[in-house]
Structure formats: C-alpha cells, structure tokens
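Undergrad: Here is what each chain is made of, one letter per residue.
6 protein chains.
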Amino acid sequence: MALVPYVEEEDATGVVREVYDDIKRTRGLARVPAFWRAIAHRPEYLRSEWTKLRTILETGTLDRRTKEMIAVAVSATNNCDYCLRSHTDALRALGTTDAEIVELMSVVDFFNGSNAVSSGLRIEYEPPVLAEPDAQPDPA
Amino acid sequence: MALVPYVEEEDATGVVREVYDDIKRTRGLARVPAFWRAIAHRPEYLRSEWTKLRTILETGTLDRRTKEMIAVAVSATNNCDYCLRSHTDALRALGTTDAEIVELMSVVDFFNGSNAVSSGLRIEYEPPVLAEPDAQPDPA
Amino acid sequence: MALVPYVEEEDATGVVREVYDDIKRTRGLARVPAFWRAIAHRPEYLRSEWTKLRTILETGTLDRRTKEMIAVAVSATNNCDYCLRSHTDALRALGTTDAEIVELMSVVDFFNGSNAVSSGLRIEYEPPVLAEPDAQPDPA
Amino acid sequence: MALVPYVEEEDATGVVREVYDDIKRTRGLARVPAFWRAIAHRPEYLRSEWTKLRTILETGTLDRRTKEMIAVAVSATNNCDYCLRSHTDALRALGTTDAEIVELMSVVDFFNGSNAVSSGLRIEYEPPVLAEPDAQPDPA
Amino acid sequence: MALVPYVEEEDATGVVREVYDDIKRTRGLARVPAFWRAIAHRPEYLRSEWTKLRTILETGTLDRRTKEMIAVAVSATNNCDYCLRSHTDALRALGTTDAEIVELMSVVDFFNGSNAVSSGLRIEYEPPVLAEPDAQPDPA
Amino acid sequence: MALVPYVEEEDATGVVREVYDDIKRTRGLARVPAFWRAIAHRPEYLRSEWTKLRTILETGTLDRRTKEMIAVAVSATNNCDYCLRSHTDALRALGTTDAEIVELMSVVDFFNGSNAVSSGLRIEYEPPVLAEPDAQPDPA
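Order-wise, the sequence lines are chains A, B, C, D, E and F.
Residues 1 to 140 in the working numbering are what the first sequence spells out, letter by letter.
Residues 1 to 140 in the working numbering are what the second sequence spells out, letter by letter.
Residues 1 to 140 in the working numbering are what the third sequence spells out, letter by letter.
Residues 1 to 140 in the working numbering are what the fourth sequence spells out, letter by letter.
Residues 1 to 140 in the working numbering are what the fifth sequence spells out, letter by letter.
Residues 1 to 140 in the working numbering are what the sixth sequence spells out, letter by letter.
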C-alpha cells in the first residue's frame with residue numbers, strides 16, 4: 001500500500017477533476033494511473049506536474065519511443081519499480097521487443113559502470129583528437 | 001589530475017597496444033581517450049571493457065544516436081563530468097542541436113523527479129485500463 | 001527476511017542490552033525497531049550509531065518535524081523502503097497530513113529533477129545579482 | 001563552461017522573455033540565474049518548469065526555509081554543485097547560520113548512512129509497538 | 001516476475017548455449033542464475049558481460065572475498081535486491097559471519113553518510129600533513 | 001571554497017579541542033583534515049562522528065586495507081571528490097599499487113553496471129542450485 005491514500009476519481013473535484021479528465025482523454029485510459037491519484041492531495045502540484053509531462057512528451061523533435069527509452073534508462077539507474085513497470089509497458093505498446101529492452105539495458109549497464117570508474121578515478125576529459133581532422137569525431 | 005597516472009601510448013605493449021590500436025582505428029582518433037589510458041593498468045580488464053563497448057554500440061537495432069542519448073541520460077543522473085562531456089560531444093558530432101540536448105535533459109529532469117515521488121510514496125503500479133480495450137495503451 | 005538474523009531482545013547482553021533499554025526508554029517503545037536488532041551483531045557499532053542519532057535529533061535548533069522531513073527527503077532520493085515507512089510514520093505521529101507529505105514530495109521531485117539538469121548540463125553557479133542590492137536575495 | 005550556451009536576456013523573445021521577466025520580478029533579481037538561461041533553448045519546458053517551481057514554493061503549509069532545507073538535503077545526496085551553492089545562498093538569505101547548515105548536514109549524513117544499511121541488509125519495517133499504546137509513537 | 005521472460009536453458013543455442021555451459025562449469029552450478037537468463041536475449045552482450053566478470057574475478061591480486069565485499073558495498077549503496085542477495089550468499093559460502101556482514105555494512109554506512117556531507121558542504125581535500133613526515137600517513 | 005568556513009585549530013575549545021587532539025594523535029597528523037574542521041560548527045556531532053569512525057575502523061575482523069577499499073568503492077559510486085582523494089591516499093599509504101586501484105575500480109564498474117540491469121529488469125533472485133550439492137556454491 002502506498003504511504004498516502006489515493007484521491008479516487010469519484011472524490012475528485014475542481015482542478016483535480018479537470019486534470020483527471022485530461023489524463024484519461026489524452027491517454028485513452030478508463031482509469032487514472034496511481035501516480036496521479038497519489039499526488040492529487042496537492043491539486044496545483046498535480047496540475048503543474050501533468051502540464052510539464054505533456055510539454056515534455058508532446059513537443060520537440062525526439063520521438064516518443066526515444067523519450068520512453070530515456071525514461072527507462074533513468075528509472076533503471078534510480079531503481080524505481082513503478083516507473084520501470086510503467087515505461088516498459090509503454091515501450092511494449094510502441095512495439096519494442098524483449099531483445100530491444102535488453103539492448104537498452106546493456107547501454108544502461110555500460111554507462112553506469114563506466115560512470116563509476118570515470119568519477120572514481122577523477123579522469124579528466126580531453127576533447128577528441130581526430131586522425132583525419134575533417135572526419136566526424138567519435139569520442140567515448 | 002586523475003588518481004592514477006595514464007598508461008601513455010608510447011609505453012603500451014602487448015594487449016594494451018592491441019586495444020589502443022583498435023580504439024584509434026575504429027574511432028578514427030589520433031589519440032586514445034583518457035578513460036582507456038587510465039584503466040590500462042589492468043590489460044585484461046581494458047580488453048574486456050573495450051570489447052563490451054564495441055558489442056553494445058555496434059550490434060542490435062537501436063541507432064547510435066539513441067544509444068548516445070541513453071549514455072547522456074545515465075551520466076546526468078549519476079553526475080559524471082567526463083561522461084557528460086564525452087557523450088554530448090558525440091551527440092553533437094551526430095548533428096544534435098542545443099535545443100535537442102535540452103529536450104533530452106527535460107526528459108531526464110521529469111523522470112528523476114517522478115522516480116523520487118513514486119519511490120518516496122511507495123506507489124504500486126497497476127497495468128493501464130484502456131478506455132477502448134483494443135486501442136494502444138499509453139501508461140505513465 | 002533480512003540478510004542477517006536479528007539479535008532479539010531476549011538474547012541481548014552487555015552493551016547491546018544497555019542500548020536496547022535506552023532505545024525503548026527514550027522512544028517510549030515496547031519493542032526495539034528492526035534496524036537496531038539487525039546491526040546489533042556489532043555491539044560497539046550499535047552504540048556509536050545510536051549515540052549519533054540521539055545527538056543529531058536531540059541537539060541543535062532545527063525542530064524534530066523538520067529533521068524528520070529531511071529524513072524522508074533523503075530516503076525518497078535513495079529509495080529506502082524501511083526508512084520511508086519509518087519516517088513517514090514519525091511525521092504522522094507529529095501531526096503531518098497527507099497533503100503535507102505530498103507537499104514534501106513535490107519539493108523532493110523538483111530538486112531531484114533540477115539537480116539532474118544542472119549537473120547534466122554542467123551549469124555553473126553565479127551568485128545572485130539583486131535588482132535592489134539592499135533587498136533580501138532569493139536565488140534558485 | 002556549460003554544455004550548451006545560455007540564451008541571454010538580450011536574445012530572449014516570446015515565451016522566454018515573459019518567463020525571464022517573471023523570474024526577475026518574483027525574485028527581485030537584476031539577472032536571470034544561469035539554470036533558466038540554460039534550459040531556455042526549449043521555451044515551453046522553461047515555462048512549465050518555472051510554473052512548477054512557483055507552485056511548489058508558493059503554495060502549501062511548509063514554510064520557505066523548510067523547503068530550502070529539503071532542497072539542500074536532496075542536492076547533497078545527489079552531489080549537485082550548482083544546486084548546493086544556490087540553495088545554501090537562499091538559506092543564508094533566510095538567516096540560517098553555519099551551525100544550522102552543519103546541523104542540516106548531520107541529518108543528511110545519518111540518513112544517507114542508515115538508508116544504505118537498511119537497504120543493504122534488506123531490513124523489513126515493522127510498525128512501532130508503543131510501551132504505552134495511547135502515547136505518541138517515535139519510531140526510527 | 002522480471003520485465004522480460006528468461007531465455008531458459010532448454011531454449012539456448014549457439015553463443016547462449018556456450019556461455020550457459022561455461023557459467024555452470026565454472027561455478028559448479030546445476031542451473032544458470034536468473035541474471036544471465038534475463039540478458040540472453042542479446043547473445044553477444046551476454047558473452048561480453050560474462051567474459052568481463054570472469055576477467056574481473058579471476059585475475060589480479062585482490063582476493064575473492066574482498067571482491068565480493070566490494071560487490072556488496074556497491075549493491076547496498078545502489079539498493080539492488082538481486083545483487084545483495086546474490087553476493088551475501090557468495091560471502092557466506094566463503095565463510096563470512098553475520099558479525100562480519102554487519103561490520104562491512106558499518107563501513108558502507110559511514111562512507112555513504114560522510115560522502116553526502118563532504119559533497120554537500122563542497123569540502124576541498126588537502127593532502128595530509130604528517131606530524132612526523134617520515135611516518136605512514138593516515139588521512140580520512 | 002567550502003560552503004561553511006572551517007573551525008580552525010587555533011579557535012577550537014572544549015569538545016572540539018578534545019576531538020581535534022584525538023584526531024591528530026590517533027592519525028599521526030600535524031593538521032586536522034578539512035572534513036572535521038567543517039563539521040566542528042556542531043561540536044557534539046563532531047564527537048559522535050569521530051567516535052563512530054574510530055569504532056568502525058578499529059574494531060572487528062576486516063583489515064584496514066579492506067575497509068579503505070570499501071570506502072573507495074562507496075565513494076566512486078557516489079562520486080565524492082574529497083572522499084576519493086582521501087581514501088586513495090590512504091590506500092597508497094598502505095602499499096596499494098596503481099594496478100590494484102584499477103582492479104578495485106573494475107569491480108566497482110562491473111557491479112554498478114549489473115546493479116542497474118538487475119534492478120532495471122526487476123530480476124528476482126533464486127538461491128543457487130549446485131551441481132554437486134556438497135560443494136561450495138559460487139552464485140553471481
């Protein structure tokens with residue numbers, strides 16, 4: 001059980017009601033996900049958080065699948081159970097396979113590991129020195 | 001200065017020499033990046049780390065730009081200076097703009113924040129309930 | 001089940017007995033919380049940890065509720081189940097409402113998110129430049 | 001230098017101009033802090049982030065100083081240089097002393113440490129058992 | 001249930017089969033641990049990860065028990081359930097007692113706490129100044 | 001510059017004086033390290049923190065070098081500059097070589113990476129099934 005009770009849909013009024021309706025309409029859902037019902041004890045925060053998410057997912061040039069992959073990469077690094085389940089479900093709805101989810105995790109694996117070594121040894125970055133200066137650099 | 005001296009290219013022999021040459025050839029670089037020179041005090045580890053990176057970046061179906069974005073997302077979450085500089089340079093070499101780097105960070109921002117709330121309130125995930133069960137779900 | 005058995009109260013002797021009694025007396029508890037029973041395999045560590053906690057909670061000018069909120073903020077950032085349950089119980093015992101717990105989490109949300117962006121873009125801090133230099137600054 | 005150039009005030013138009021003006025007016029600043037100038041490459045994100053911060057800081061029952069302490073606690077746990085400098089400046093502007101900043105850090109210290117042990121040993125939380133069931137519980 | 005199905009041993013072919021056999025032979029196991037069965041959806045990644053682990057555990061001068069303790073220290077800091085269970089089992093198989101596991105956690109506790117304070121206050125390191133310059137330094 | 005001024009030795013009185021003297025005597029130092037001078041604004045916290053460190057380092061069965069390696073592993077995972085510099089200096093004073101520091105980091109690398117995958121895919125631990133039940137298990 002969560003550490004606060006949820007604000008259930010039948011009890012939602014005012015700003016909460018308005019945001020809940022927008023969540024369901026925008027996402028094609030019959031039920032507001034638990035994350036939003038948990039934070040609805042603070043209606044203005046609920047509204048600004050939902051507005052921020054819509055802004056982030058609906059504007060810009062990165063496609064939705066890339067954004068969901070970034071969500072999963074961050075959530076794996078932070079070990080967030082809810083977020084991992086939610087955003088791998090979202091990735092699957094976008095057609096992502098088991099092999100692609102593991103491929104995503106292999107990248108998350110490598111960089112969590114190499115981050116710890118780079119920071120752990122206090123290695124200083126030097127811009128790449130290209131063999132052929134007009135070529136495209138590929139630093140790592 | 002890093003916490004260990006680097007194994008410089010002129011001192012590289014055996015496995016280290018071989019890996020250094022492969023790094024420069026594969027990446028089109030005139031100089032081995034500092035990360036690899038720092039870990040070369042353990043030649044077998046250097047080789048397995050480089051092999052793993054090549055495997056992760058060169059196989060699979062996710063494109064290189066998506067993988068570099070995941071690298072930056074993980075490195076921002078872990079606050080790794082070397083890795084952030086290295087992989088935003090890589091993204092720029094692939095044509096990524098300032099606006100796209102900030103767009104990437106906006107996704108990293110949202111999910112680092114919502115991860116902490118989801119975990120902090122111990123919210124339990126429930127699979128999405130679709131308004132129209134045959135439609136594509138869009139959970140969050 | 002925890003990864004070590006607990007040192008149960010009926011088996012406590014010497015330093016462990018003494019610390020257990022102090023925990024129960026100070027906290028008004030009939031039973032020593034699991035955290036202390038788990039670490040009691042190292043009696044001197046148990047004592048120094050308990051002494052440190054008493055020092056931190058019982059001295060200084062910050063009130064107990066603020067300290068419990070900081071405990072919850074840190075535990076949400078680290079995703080610690082035991083600590084989140086323990087310290088939201090403590091906050092509730094001090095009269096904190098559901099809306100206040102979500103308000104606390106909204107602050108934790110914002111700063112976990114903005115930390116990742118600030119670090120991720122390597123933004124450098126500049127001291128605030130006030131419109132009216134004699135006014136109270138309000139940097140963010 | 002940050003990983004993206006800043007959108008300077010003289011180049012701000014439209015939504016960015018509007019948010020910059022609100023930041024300066026609300027905070028009494030002559031200059032927009034670097035965080036906002038860095039993320040302004042995505043104007044809609046800038047607006048939703050600023051709206052969220054105003055909502056979080058300006059509504060609710062927790063006082064501003066408690067919110068700034070939570071900001072510092074989160075930033076210390078995440079090791080965010082910009083955020084630590086910014087929010088300890090904010091705390092000082094609110095009258096916080098060196099001793100209180102160290103007191104805050106002592107709480108951050110204890111719970112980062114005990115989080116790792118609680119999670120590390122997979123200790124399971126049990127609700128507190130009070131010596132006098134009608135008394136106020138004080139779990140830890 | 002994990003977020004991907006496992007590649008079970010009866011379905012393993014080619015590279016996966018080869019790595020599974022090496023895992024069982026090297027470790028004296030009748031069954032491949034779940035970690036490897038989960039990542040086997042990407043056979044080349046499975047191979048490079050297993051090769052890296054063998055390299056890290058089987059070469060060098062640090063003994064196996066020290067390496068398992070480092071594994072547990074990292075896993076406690078990251079709050080990884082699978083890894084904590086796996087590597088405390090490994091430590092017990094090497095003869096480690098409950099008191100030693102708590103001793104290990106006490107070190108993990110202290111440094112997670114003091115890391116947050118050192119970073120949180122931006123304390124700058126100064127090399128130790130010895131009372132007797134020819135003596136062995138002992139900084140902290 | 002740190003976010004609080006240091007309590008310098010010439011200004012230390014009472015509890016702070018006493019702890020400073022014990023630090024210098026125990027460690028063979030001519031100067032109190034910056035960490036302790038920063039937290040001395042809260043004398044009782046200084047004392048309990050120092051007592052805890054002495055307890056952790058001076059009691060038990062793990063040797064000092066193993067404890068310093070755990071300190072470095074935790075500090076690399078948390079990216080703590082002060083702590084990394086301090087404890088690699090300590091390791092060097094105990095005779096640790098560059099190759100051993102990189103060996104330590106290779107273990108930190110592997111487990112930071114595999115932690116993220118194990119947590120990211122919500123892999124569930126199963127106790128090892130030994131090929132020869134009487135043999136020593138070696139799970140991973």
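In case anyone wonders, no lab produced these hints; they're calculated from the structure.
These figures come from a predicted structure and were not determined experimentally.
Just so you know, not all the hints are guaranteed correct.
Since the list gives no way to pick one copy over another, a pair counts as held whenever it fits inside one copy or between any two copies.
Derived lysine to any residue pairs resembling SDA-like cross-links, with alpha carbons at most 20 angstroms apart [what the hints assert, rightly or not]: (1) Lys24 <-> Glu100; (2) Lys24 <-> Gly60; (3) Lys24 <-> Thr51; (4) Lys24 <-> Pro127.
Undergrad: Take the hints in turn and mark each one as holding or not.
TA: Checked hints:
Taking identical chains as interchangeable, the C-alpha atoms of Lys24 and Glu100 are never at most 20 angstroms apart, the minima being 29 angstroms within one chain and 26 angstroms between chains. With identical chains, the CA atoms of Lys24 and Gly60 are never at most 20 angstroms apart, being 23 angstroms at best within one copy and 27 angstroms at best between copies. Only within a single protomer do Lys24 and Thr51 lie at most 20 angstroms apart by alpha-carbon distance; the minimum there is 14 angstroms, versus 23 angstroms between protomers. Within a single copy, Lys24 and Pro127 get their C-alpha atoms only as close as 47 angstroms, which misses the 20 angstroms cut-off; across copies the closest is 14 angstroms, which meets it.
When the structure is compared with the earlier hints, violations turn up for hints 1 and 2 and for no others.
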